[in-house]
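Trainee: Top to bottom, those sequences are chains A and B.
Under numbering that gives the first Met the number 0, the letters of the first sequence match residues 0 to 298, in that order.
Under numbering that gives the first Met the number 0, the letters of the second sequence match residues 0 to 276, in that order.
Treat the hints with care, since some could be wrong.
[Said to hold, decoys possible] Keeping only pairs whose Cα atoms sit at most 30 Å apart, straight-line, the calculated DSSO-like set for lysine-lysine is:
#, chain 1, residue 1, chain 2, residue 2
1, B, Lys177, B, Lys96
2, A, Lys35, B, Lys177
3, B, Lys96, A, Lys35
It is worth saying that the hints were derived from the structure and are not from the lab.
Take a look at the letters that make up each chain.
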Amino acid sequence: MSTVESRPTAPARPAAEPARAPGRPPKEFDRPRFLKLFMGVFFLFLFAPIVLVVLFSFNSSRSLQDFQGFSTRWYETFFESESLRESLVASLEIALVTMVIGTILGTMLAYGLVRARTRVSSSLNVLMLVPLVTPEIVAGASALLLFTQVKLELSLTTIILAHITFSISYVTVVVRARLVSLSHEVEEASMDLGATRWQTFRLVTLPALWPAVVAAGLLVFALSFDDFVLSFFTTGESPQPLPVRIWTQIRFGVRPTINAIGTFMLVISVVSIGLALLLPRLFGRRESGLKVLLGREAA
Amino acid sequence: MNENRFASGFLVPPGVWLLLLFVVPLVLVLALSFGYTDDLGEAIYSTRLDNYERLVDPDYLPVLFRSVGFALAAVVLCLLIGYPVAYYIAIFGGRWKNVLIALVVLPFFVNYLIRTYAWIAMLGDDGLVNGLFDSSIRFLNTPYAVIGGLVYGFMAFMILPIYASLDRMDPALIEAGKDLYGGPWQTFLHVTLPHTMQGVLAGSLLVFLPAVGDFVSASLLGGPEEVMVGNLIQQQFQASDNWPFGAALTVAMMAFLMIFMLFYLRAAARETREATA
């Protein structure tokens, strides 16, 4: 598909063609211009809405059509509203607790799945993938039903419980990929040197897994902080997490405060994902954080 | 202690968690779908099939078909847009590969509601685009807007697996295709595409599954004519408070999606086995 698109440009400079050294790989010719243009348009569409939100969060007027001057008034509205501040704190709290518990449970599951060979582990192997492909609304509605059945009052706790359930799978996928690439001999060597299983896990395995564990934790933080559907189904009356508040506000129409909230949330998510991508480097490893996050073996 | 027993111990807490908070709730939904609401609006477990009979009601059946149709359209569009993007990054990305992939993933971490809301601001009747061109085109409350919202929302799910499979592919294969006098299209159809089919299938499923159950895009970008099954489920569990019917809708949707999930789970399990073997 590559050369077809660039062919029309060839007649425009016929002299250039024969001038190429015969042995050289035809790199430039192969790189289709059409595809380059396509990439440009793609990224334009991808980022235009986001740039718009960020830009108009600093607009001095209510308008969402013309930018009338720089101001931080929408951020002031956001931070001066006590209930929105409470929502922000609630969202951070949910994401933090989800991150800690979800990461611990997910790492345990990854370790068990890779190192234990039992019938239970092979069925868990499949079960833990199901939450990743289940539409969120199913998880939300069924969690709501469970909490109502056991008479658990809807609150931040119920949101956290629902978030942890789906975060376990994400952590497991990321951590397991790393664990698989670890050589088992190192653990055996540590045992030969007299360490117990537990000491080996704590002093050998866990430190080697650390970059993946941290990256997975930050990923879960960002996912939980941004989550709307699960929170929407399992939230109590107050305080509600930020995405639920945004939903209510959007239904009342376009409001400039939403731009400020959105931009603020964007910064928090991007910082946590940025950290997840960069941390493996800070740990002094050469592999890219992206590969760790995509759950691929660090080859 | 042998390793098997030591490692099995680690499975207990997350295993119990997933059982209690993922499997049990799904079973509850299944049970409630045979129930009914009494005169006080209380949901009662029973063994009736009324809720399933209601699914084929002319009020609801078109919604189910529409959800699948919208999701399929989103898959096709994501594929047509996402494959060239993944191809460019994997083959021509060079040392910018990681940066470009990060740029593709980045918008995905902007809250889905905010991203959808941005499209309202841009495409609304008195939005940015209509203001800019002094036009009065109706973008919102159309099927195109809802499908567009799904495409924009789930694009990253399509690009990442395709990129991963292209990245794994040996570029020498493409060269070989050309050496054997295959044209660019022939090389693509007979070499590149078959080699990346796994990524294409994974991406398609990862877009299709959440798209079928989505209600945000249809709620915010669509009108009453674009209602999807996700909206129905949400209404039953919240506004109209008919949980048994909501449960039946959820079960019907899950049963349909299960066919595709099994497909994905088998492929994923095979991949894990290969990696851990």
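Trainee: Please list, smallest to largest, the hint numbers that this structure does not respect.
Mentor: Violated: none.
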